[in-house]
Amino acid sequence: MAMSKNLKTALLLGTIALAFFFGIIAKYWLLRR
Amino acid sequence: MSSVPHAHDHDHAHGHDHAHGHGHDHDHGHGHGGGYGGIMRWITTTNHKDIGTLYLWFSFTMFMVGGVMAMAIRLELFSPGLQFFNPDLFNQFTTMHGLIMVFGAIMPAFVGFANWQIPMMIGAPDMAFARLNNWSFWLLPFAASLLVLSFFTPGGAPGVGWTMYAPLTVQMGMGMDLTIFAVHILGMSSILGSINIITTILNMRAPGMTLMRMPLFVWTWLITAYLLVAAMPVLAGAVTMTLTDRHFGTTFFNAAGGGDPVLYQHIFWFFGHPEVYIIALPAFGVISQVIPAFSRKPLFGYASMVYATSAIAIISFIVWAHHMYTVGMPVTGQLFFMYATMIIAVPTGVKVFNWVATMWKGSLTFETPMLFALGFLFLFTLGGFTGLVLSIVPVDIQLQDTYYVVAHFHYVMVAGALFSAFAGIYFWLPKWTGKMYDETLGKWHFWLTLIFFNMIFFVQHFLGLAGMPRRIPDYPLMFETWNKISSIGAFGFGLSQLLLLYVVLKCIRSGEPAPQKPWEGADSLEWTHLPTPVPYHTFETQPVLK
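In order, the protein sequence lines correspond to chains A and B.
Number 33 in the numbering used here belongs to position 33 of the first sequence; there are no gaps in the numbering.
Number 168 in the numbering used here belongs to position 168 of the second sequence; there are no gaps in the numbering.
In short, the hints are calculated from the structure, not lab data.
Treat each hint with caution, since some may be false.
Listed next, the in silico SDA-like pairs over lysine to any residue satisfying Cα-Cα at most 20 Å (straight line) [as the list claims (entries may be wrong)]: (1) 27/A <-> 260/B; (2) 27/A <-> 257/B; (3) 5/A <-> 540/B; (4) 435/B <-> 499/B; (5) 5/A <-> 523/B; (6) 443/B <-> 523/B; (7) 27/A <-> 266/B; (8) 5/A <-> 542/B; (9) 5/A <-> 130/B; (10) 484/B <-> 68/B; (11) 5/A <-> 499/B; (12) 5/A <-> 226/B; (13) 8/A <-> 203/B; (14) 5/A <-> 211/B; (15) 27/A <-> 484/B; (16) 5/A <-> 210/B; (17) 27/A <-> 263/B; (18) 27/A <-> 248/B; (19) 27/A <-> 243/B; (20) 27/A <-> 250/B; (21) 361/B <-> 523/B.
Note that this is a predicted model, so its numbers are computed, not measured.
Please model the entire structure based on the sequences and the hints provided.
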């Protein structure tokens, strides 16, 4: 199924948001000083 | 876009100025909102105008709730000693006042403007994801309920401040958990709303509406939405880590387990400073629409406004530690954040210069929106200057956590964001309702708001310079006079806002019919291409801009 341009934009932005959310937790979870 | 059934009354609104096009308006017999009436219309609506209206009324309600808490704070501070509230409840009020005003009042107000205005300003029929838009709004009442209900949990609402610093957050009762969930939901709403806004602006502009022809309000929201997508998840991460520290045995911010409370401050302010601009940039956008309209001149330096807004957004991510100079960071760190903060004054100065230059030799009139815009210009600039003062490390070390800081950020948040929101409400109310508001009462609202605002907050600079700490319900006798003046100003300010409610209701019920373009100098699509009142559906056929 071809994705619409709007859906592609939204998925990209959603991925960025999720990456920031999990990234900040993972950074301090895995890379403890 | 929405599920409203089709019918047959077409309303062609032909454009004049630099574009032509028409909005076919299928407003079909069954009323608004997919055929539903009453409350179900509002619950099920996917129409950007309905959702914008919901955001704006929700925001006003939260403004009143947060305002009542502000009144309680000022009531307690009217006299030295403890009068009405115990210190714990006082802390709960300051915390919830901040959270409700930032996340419940100011942010939703500008999302309301975005919903109403962005599709109309870029020639789109609605937002890109209409159902998602409905959900983005309806998350908010649940989050707000959690915040307010936290007062009724054992131990009450959290008394940690709106910044929710560790380690206090680890020690609070279950009100803290409700607040954390509320922040999660508010963040989710903001992120979904931002994705919708970015997608709409990037993909749904009318032919000819190039990026560099977009109204400044649309530009500022595009940049703000990117800020939200980057900053909000960081806050969500911070409060999630707080939650796991509280209940799941982690010690991210707990020194006893090898964690670091200062780490929380770094993460929070990595979100927190962009948050300031998440609030300020849409406010700049509104002002950039209002000042040219009442100066009867195009905005001076359009391109430089776009670049300045972008510069502010980018720099806002590298200044966060100016909120925490006193945690014991290295001098090199302090110097970096001091200079980075000062650099933000350059693009901000560009914007202020451009607004003033727009007015220069303009044919000015001073209706209520313009009065609020000018009030914004004077007072926000003052708030910016005190921000510069606070960016200087040795000065900030003296003034950290004093009323000088409280005065500073209220000049930015109230005289900046709130005045801009008021300017926007009066500016677009004729377009939204199809009726004119009472200009005399609008001016009364402005002058009362201006005077009482300065009564509350100008004197707080003196209190801060004299050393009065914030978030403390008691103070020495020597601070009494300024506190009394500030409290009287607060009560006056609160009462004055009921006038806004009256003006809006009067406008809706019995205002004079508004023409298509009541403001001579207004030139964006909603004025030039759409009738007043705006039909329920607009731009079902795309306008084409020459």
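Can you confirm whether the C-alpha distance between residue 5/A and residue 540/B stays at or below 20 Å?
holds, 19 Å
Please work out if residue 361/B and residue 523/B have their alpha carbons no farther apart than 20 Å.
Cα-Cα ~19 Å, so holds.
Hey, residue 5/A versus residue 211/B, does the alpha-carbon distance stay inside 20 Å?
holds, 17 Å
With the threshold set at 20 Å, check whether the alpha-carbon distance from residue 484/B to residue 68/B stays at or below it.
This hinted pair holds, its Cα atoms lying about 18 Å apart.
When you check the alpha-carbon spacing of residue 27/A and residue 257/B, does it fall within 20 Å?
holds, 17 Å
Tell me if the straight-line CA distance from residue 5/A to residue 210/B falls inside 20 Å.
Answer holds: residue 5/A to residue 210/B is near 18 Å, not above 20 Å.
Hint check: residue 443/B vs residue 523/B, CA-CA at most 20 Å. Holds or violated?
violated, 24 Å
Does the structure keep residue 27/A and residue 248/B at a Cα separation of 20 Å or less?
Given pair residue 27/A, residue 248/B holds - Cα atoms ~18 Å apart, limit 20 Å.
Does residue 523/B lie within 20 Å of residue 5/A when you go C-alpha to C-alpha?
violated, 30 Å
Mind checking the alpha carbons of residue 27/A and residue 484/B for me, to see if they're no more than 20 Å apart?
Since the Cα atoms of residue 27/A and residue 484/B sit roughly 48 Å apart, the hinted pair is violated (cutoff 20 Å).
Within a Cα-Cα threshold of 20 Å, do residue 5/A and residue 542/B meet the stated pairing?
holds, 18 Å
Residue 27/A and residue 263/B: Cα distance at most 20 Å?
With Cα atoms ~12 Å apart, residue 27/A and residue 263/B stay inside 20 Å; holds.
The structure fails hints 5, 6, 11 and 15 (numbered hints given earlier, in ascending order).
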